[in-house]
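Participant: So the chains spell out like this:
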Amino acid sequence: MSNKSTSYVATEGTDSTKIETLAFESLKKEQILKPLISKSDYSDESDSTLGNTSLKIGLSIPYKILVKAKIING
Amino acid sequence: MVKVIIDINRRITQGDIYKNVDYIQQIEYVDNQELIVHKILFPLVVVLTQDCDLQQDSAYYDKERTPSSNDKKLFSVIVAPLYNEDIFLQGQHLAHNSIGYQMRVFNKKRKGKLTSHYKSLIDNEIPRYHHMDFVGVNIVPSVIDFKHYFSVDIENLNKNRRAKYVCSVKELYREQITQRFANFLSRIGLPNPE
Chain W
1 MSNKSTSYVA TEGTDSTKIE TLAFESLKKE QILKPLISKS DYSDESDSTL
51 GNTSLKIGLS IPYKILVKAK IING
Chain P
1 MVKVIIDINR RITQGDIYKN VDYIQQIEYV DNQELIVHKI LFPLVVVLTQ
51 DCDLQQDSAY YDKERTPSSN DKKLFSVIVA PLYNEDIFLQ GQHLAHNSIG
101 YQMRVFNKKR KGKLTSHYKS LIDNEIPRYH HMDFVGVNIV PSVIDFKHYF
151 SVDIENLNKN RRAKYVCSVK ELYREQITQR FANFLSRIGL PNPE
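Line order of the protein sequences matches chains W and P.
Counting from 1, one number per residue, gives the positions in the first sequence under our numbering.
Counting from 1, one number per residue, gives the positions in the second sequence under our numbering.
If you're looking for bench data, these hints aren't it; they were derived computationally from the structure.
Treat the hints with caution; some may be incorrect.
Distance windows between CB atoms, simulated [claimed, not checked]:
#1 L172/P x I72/W: 44 to 50 Å
#2 N107/P x K70/W: 44 to 50 Å
#3 K70/W x R10/P: 34 to 40 Å
#4 V135/P x I72/W: 43 to 49 Å
#5 D71/P x K56/W: 38 to 44 Å
#6 K56/W x E194/P: 46 to 52 Å
#7 R65/P x K70/W: 34 to 40 Å
#8 R11/P x K70/W: 32 to 38 Å
#9 M1/P x K70/W: 45 to 51 Å
#10 H117/P x I72/W: 23 to 29 Å
#11 K56/W x D62/P: 30 to 36 Å
Quick caveat: nothing in here was measured; it's all calculated off a predicted structure.
For each residue, glycine too, the CB sits at the ideal point set by N, CA and C.
Between the sequences and the hints, there should be enough to build the whole structure, so can you do that?
Facilitator: Right under this line is the structure:
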């Protein structure tokens, strides 16, 4: 997974604290972790679909990312 | 079973499934120059917003039929995450070390037979969850957790819609999902007996 975040615009605050966040850069590379779960991590004696990893969508789990953003209009 | 269609050219529709959707958890100010955004990336989410609202909002993204006022414009879309059933059953679907939540475990089988808890889950008898076994798209069996609903900025989703679109749940199935979601939200919690 790339640690380059998508372009994202958000505004928040009153006039005096108005900010625009653009072009996030990753804060810590090690926090951008691979979300894919391997069958060995989550094996199940039942009819698990995890072994069928090549084509399936929805195998990964949510994960948290911290991104640093520059305040353009402080 | 849940039937889907794949039509990437459509507007955002109730029952659409999108991939890699961010939830902005917190914005932390470091100083006057920088801030840190805490976000959780959900691999799959389903849209739960009322479809007529989405239809009216879509006019604002069509230059040929832009409404004269902004009365019907939406700020956000309600979505709920889909979790991989196998990982969900083990209570590990939010256990990534960046989140670290241990969730309820569902035993699928006991003594070779499906447990009543698992049957309740796949029969959609537990108000909080909606089980989905997809037909027509290669998504693993998944579970929606209505308790984890959140909203996504609609302009941002519109901008990235084509890249994030996976499929759309067919009408009958999506209506079952949204009715169950509405029922979940409108439940009345009573105090535990003393």
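Participant: Does each hint hold? Answer for all of them.
Facilitator: Do the hints match the structure? See the list:
1. A beta carbon spacing of about 47 Å between L172/P and I72/W agrees with the range 44 to 50 Å that was offered as a hint.
2. Separated by about 49 Å at the C-beta atoms, N107/P and K70/W satisfy the suggested range of 44 to 50 Å.
3. In this structure, K70/W and R10/P meet the distance hint of 34 to 40 Å, their C-beta atoms being roughly 36 Å apart.
4. Restraint check, V135/P to I72/W: a C-beta distance of roughly 47 Å satisfies the suggested window 43 to 49 Å.
5. The hinted range of 38 to 44 Å is satisfied by D71/P and K56/W, whose Cβ atoms lie roughly 43 Å apart.
6. Roughly 48 Å separates the CB atoms of K56/W and E194/P, a value that falls within the hinted 46 to 52 Å.
7. In this structure the hint that R65/P and K70/W lie 34 to 40 Å apart at CB holds, the actual value being about 37 Å.
8. Against the hinted window of 32 to 38 Å, the Cβ-Cβ separation of R11/P and K70/W comes to about 33 Å, which satisfies the hint.
9. For the hinted restraint 45 to 51 Å between M1/P and K70/W, the CB-CB distance of approximately 48 Å keeps it satisfied.
10. Separation of H117/P from I72/W is about 51 Å and departs from the stated range, judged on CB atoms against 23 to 29 Å.
11. For the hinted restraint 30 to 36 Å between K56/W and D62/P, the CB-CB distance of approximately 35 Å keeps it satisfied.
This entry does not satisfy hint 10, going by the numbered hints stated previously; all others are met.
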